[in-house]
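Visitor: For reference, the chains in residue letters:
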Amino acid sequence: MSFGKFGKVSYVSETKLQKFEQDLEAGKIMGTRCKTCGKLYFPPRADCTCLKGNIEWVELTGNCRLLTYSTLFFAPASFRYEVPYMLAVAQFDEGPTVLAPLSKDITEDEVKSGMSLKLIPMELAGGRVIYELRKP
Amino acid sequence: MSKVAVIGVGQTKFGGRPDASIKEIAFEAFKEAVDDAQISVDDIQASIICSATHYDKQRTPAGVIAEYLGLNPQPTFNVEAVCASSGVGLRIGWSFISSGLHDVVAVVGFQKMTELSSAEVQEVMGRSGDVMWESPFGTTMPGYFALYARAHMQTYGTTPEQLAKVAVKNHYYATKNPKAMFQKEITLDEVLNSRMIASPLKRYDCCSNSDGAACLILAKEEFARKVTDNPVWVAGLGLASSPMTLTSRDTALNSFTCTAKAAKEAYHMAGVTPSDIDLAEVHDCFTITEIINYEDLGFCERGKGGSFAADGHTYLGGKIPVNIDGGLLAKGHPVGATGASQIRTLVKQLRGEAGETQVKDAKIGLAHNLGGIGMYCAVTILKA
Ligand SMILES: CC(C)(COP(=O)(O)OP(=O)(O)OC[C@H]1O[C@@H](n2cnc3c(N)ncnc32)[C@H](O)[C@@H]1OP(=O)(O)O)[C@@H](O)C(=O)NCCC(=O)NCCS
Ligand SMILES: [Zn+2]
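Taken in sequence, the protein lines are chains E and F.
For the first sequence, the positions run 130 to 265 when the numbering used here is used.
For the second sequence, the positions run -9 to 374 when the numbering used here is used.
In isolation and in its complexed conformation, chain E is listed as follows (with noise of 0.2 angstroms):
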């Protein structure tokens, strides 16, 4: 297990999150919950801020609505060759939000704030996987 492959580029590759990134390969979108306060955490946290947390994966139904969004046309060195590119806000159903990638079949012209989505995980070319947010 590792945390190495997610995203397009990774900075962390030792957490108490790996699992994640394994559920995530096998096509699922995870988010912890603390079992004593019942907060739902989106990205995952490894530990509620209550501290007498007991924390659980749930699976997440992927369902959510965008916030924001903005097209980059101008990116990190490392990200050169892929703008322009859209990143978004989408908040889920369960309530949690998420800032990921709007999936290229998506124009700019169709994007609405309020709009139904739905957060996909997805393998990328050398084994990175990464999630993104499609029409559902």
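There could be a bad hint or two in this list.
In silico lysine-lysine, DSSO-like type, Cα no more than 30 angstroms apart, as pairs [unchecked claim]: (1) E:181 to F:251; (2) E:168 to F:251; (3) E:264 to E:241; (4) F:373 to F:254; (5) E:134 to F:47; (6) F:169 to F:21; (7) E:168 to E:157; (8) E:241 to E:148; (9) E:241 to F:254; (10) E:137 to F:47.
FYI, nobody ran anything at the bench for these hints, they're computed from the structure.
It should be emphasised that the depicted structure is a prediction, and the values quoted were computed from it without experimental measurement.
Take the given structure of chain E and dock chain F with the ligands to it, following the hints.
Guide: Using the frame of chain E, we list chain F with the ligands on its own:
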């Protein structure tokens, strides 16, 4: 508890400085501030060196800078809060003095960004978001603030023209500030037709990478009164944070909660309200940020920041002049130096030394310094 005064200010010209190293630009600002305060280097009992250290090839820069400024063996250390580094440094300097630990302290902010290409800068800056969940998707600072811009437009109907008017204003005032990076006015059309960087933010909606340094000399009341007839007092301070990840913030994404909290504290401590402020320096890293700041600082109603900008209320002679030194957009934004540069502008104004852009009878100034994607915020209120 002693009152704390700013008794000296200095700043390099902002912009590309391929001719000088970090310690040399720090020296320029420091020398100007020491001369301005009319004190000697030996009067300075501690130095606080402020920068976003990830730009520096030099690790732990306080070491070389304190040495170069002649400030050994006094205490020195680095303060990092990205773009709010020297705003935070000022607060630490204030604490040193008001606690009685030191009488005179130098706060030095600096940054050399142009040794890196803009794409490399965004590589570094993109990692000022959470590297576990956000940077892996190619986030950039313009991209983050673009998400706020879009949300603000969607909720309040803010327009690209309203954003553009902030850039036009700040470029106009930069032409009156010899220390500003850009010395040319721009038109509304130029802003609107500039190339898209991160929609809806275009080139002129974004600040530029810049080199520069700024320095503040702070002193306790007794010392200040000895060396100057016109000390400027630190009357209010506020410092707050917001979650770093956008996903842990309020889902509206159209306000920076750390600003509102820091401002509330600073207004309370200074015993003033937004309508008492004669001029303000606010953190306009992007045009949208200036608009949101108006709202978070209470200069206008929530959601009305766009029209507040477009109606000219923040020009000299308007309800509250904002960034009449060019702001980050046109003065330049060498991140570690920005907070101290804002204070320098206010000090000049409150002493009546601002020349062509002098706000008549300016008595109270506010500086707002935001770090990273709006995760740290320092608000400082100065009184003549
Ligand atoms: C917007 C951005 C991506 C553009 O970068 P870029 O493509 O490298 O190029 P620039 O537009 O800065 O520079 C191109 C040229 O235009 C000039 N220029 C840029 N802005 C200008 C302005 N407002 N007025 C006049 N000239 C300007 C530059 O000096 C440069 O001239 P040169 O080619 O002779 O060197 C980059 O400036 C950026 O990342 N800005 C944001 C920085 C940031 O995130 N700071 C932290 C904020 S929280
Ligand atoms: Zn809990």
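Visitor: Which hint numbers does the structure go against, in order from smallest to largest?
Guide: Hints 8, 9 are the ones this structure does not satisfy, whereas the remaining hints hold.
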